[in-house]
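**Q** So the sequence lines, in the order shown, correspond to chains E, W and G.
The opening position of the first sequence corresponds to residue 1 in this note's numbering, with each subsequent residue numbered one higher.
The opening position of the second sequence corresponds to residue 1 in this note's numbering, with each subsequent residue numbered one higher.
The opening position of the third sequence corresponds to residue 1 in this note's numbering, with each subsequent residue numbered one higher.
None of these hints come from the bench; they were simulated from the model.
Everything hinted at is true.
Keeping only pairs whose Cα atoms sit at most 25 angstroms apart, straight-line, the calculated BS3-like set for lysine-lysine is:
no.: 1; chain 1: G; residue 1: Lys157; chain 2: W; residue 2: Lys10
no.: 2; chain 1: W; residue 1: Lys362; chain 2: W; residue 2: Lys311
no.: 3; chain 1: G; residue 1: Lys68; chain 2: W; residue 2: Lys343
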Amino acid sequence: MQPAPAMPKSWRVDNKPHKFCPGCGHGLILKCLGQAIDELEIQSRVVYGCDIGCSLLSWDLFNLDTVQTHHGRTTPVMTGMKRARPELLCIAYMGDGGGYSIGVQHLVGAAMRNEKITVIVANNTQYAMTGGQMAPTTLPGQKTETCPYGRDPGATGLPFQGAEMISAIAPDGAYVARGSISHLTQLTGFLKKALKNQIDGHGFSLVEALSACPTNWRTDAARTWEFIEKDMAGYFKRGEIKIPGQKEATANA
Amino acid sequence: MSEELVIEEKRVFMTGNEVVAWAALAAGADIMYGYPITPQNEIMHYWSRLAPRYGKDFLQTEDELSAGFATAGGVMAGRKAFTATAGSGSVLMQEPLAMAEMMRLPTVTVVQQRGGPSTATVIYSQQEVTLTTMGGNGEGMRVVYSTAGHQDLYDYTIKAFNLAWKYRFPTFVLGDGYQAKMREPLTIYDPEKRGITLLEPDPYVGREGEPGRDRPPAQYRNTYNLEEELYEKLMSDIRDFEKISTEIAEYESMHTEEAELVIVAHGIVFRAVREAVGNLREQGLRVGGFRPVTLRPLPAPQIRDLVDGLKKILVVESAYGQIARLLKEAAYGAACEIHTLFKPGVGIAAGEIEDRVKEILK
Amino acid sequence: MPETTRMVLAGEGGQGVQAIAEILAEAANEEGRQALYIPNFGVEQRGGVSVAFLQISDDAIGSPKFLKGDVVAALSDRAVQRTAPYAGPETTFIYDSAMEGVADDLPQDAARVMPVPAMEVAKKEFHPRVYNMVMMGALIGATGIIPLDRARAAIEKRFGYKFEKQPQLRDLNFRALERGMELGCGTEGVIN
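Start from the sequences and build out the full structure, keeping to the hints where you can.
**A** Quick look at the structure:
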């Protein structure tokens, strides 16, 4: 028998393995989040919100109070919760469709008001649960079910720079970073800093996490890795983009 | 430091929107989330002026979707949260309120109906009945009080908070632009001094202790994998709703016994009915009036009794048959003639109702 | 007086018709009577004809909407057109006599049609800004809808904060009101 892989303390053990597809990035991001919560010792203060899309499969993943909401609406639900009970630590977890398309007005509103919540956007360049449609984050030339001949930037635009946009509009006190499942230690660090930003009451925090969807990408392990590290990295720079008290930082790979 | 809220029982003269803000304070509401839309704006205006004085909060959100979902977040955190909207704002609000239905959230929503569809007028209508009672992709598991003036707005807003937290169905106070903007006298009071116990809100999330160690995690979802799983969940809610229906349904009736014709209307239109019934009876006509106060659930047994013992009813509304549809369902199979006076998007004066009654009874 | 008095007041935005209605409603409420006041409101914040609907009664008031007013007052020529449909055979219709070209729009079948030189009096004896006070006085004079002291108290409540800063305004408004009452009492108008 192989020893079970280490699971964050804030995860529920009783209902594992989790429900994500093999190779999915969500499990990795949420493991980093679990570790961040463990290290900050905030399990009894966190309320975790997840969206529609594959993120909803995490509604019973943690040993955390959890609310699963509608597509893109986790941001306002957690905003409402935080405003009502400021002592709670509110996390809104969603995909790029929820965060950057249908719920983008909520993300913008929350960032502009510097709501003291933490939003995590898993960016896998398409809508996964609905079967692989084009998202704002789809790369030029990338084939999806609704751009079967490849995304044409002339017709449908360029990959949406969500983290950069939020960084540009959020007031000082906000924290914005982009990590990746290909660099887990860095991602855990960003998530910790984002949560710390909320704990310290500085303001809004957003962490975008580059993620993988081999099911809809129809990629094997090697190509999946290459897509994240090469294709996606060409458009989405990893690094801290906005840090409270500092000038807007330049993302560095 | 916030002041202690003291509401002395007294007669006041104010607009309906101001009444709602005071009623929410009296009901112990903690926080309002809102987005501007006429004719409900002054609820936010008064609340945002009053709230900080009493240690309460207000958040203006980026749209009605957000206001509705933030209200859901507020109640889940265990705070008495509410919102107010109208017209196309009500349309957007259906998404969060459908979630509130599914997750049995005690949201309180005040709707001040304006003309529809689309932007229409900012003034008045009764065209948001279907939306408020049955909006959303569900079965209408909600409680809707239709008010007929300022005393009602005060009484039923207080009641709405208590009912929402007692039964955990999204609860609505359905007013309209006339009630929102008009001024008339009413008596405000401290509900506790009148023997009305205000329920303490109970949090869904964020209780004491570490989930998984001190207590199980509180986990709420609105998504289900299997048809059967959903069916069981829905039937359980539907049974709960049906069980409380007779207990919470409210109505008002006048001279319905031995009436030849009963005029049925809800909300502010019933005030014109009261006036018309008085005038017609003075002229010797055997006319009565019936008003469902709860539009959801309807006072179905009383409607049944009414139509079984009557030859004619006249349904009057500032919409084209929205309350009539609900009534017809409750009256299905009765031999009673159903006459109508529908004036979508405009107010109805007593004289118009009297003319219609005379025409029917001619 | 019928048991419920229904009034329609209309004028240009800024002429102060809503203030008149609010003050009359407030005064009636303070008297312990029932009052229901509703402004018309549209999508425009400014401009257009402003209309106020007011009902005062000793009993509970029915619908805020009514078909004919017992008293209809027009403060501008456009308001004459706008309010004429609310005048019926029992209506007292009051308008400012300085308006020109409104003869054709005046209600033909109203019980009483009353021109009042409110603007002229306001301009000559006071200030054009108190036109609405003169008109309100005329209304009270013609109908006896509320006692003068209640009207004064309601004006004080509504504008007290302004009078604090400029006490002469109090006197100006009260005198305009009283002068208006004289006009209202003294004008018979055309009785149909």
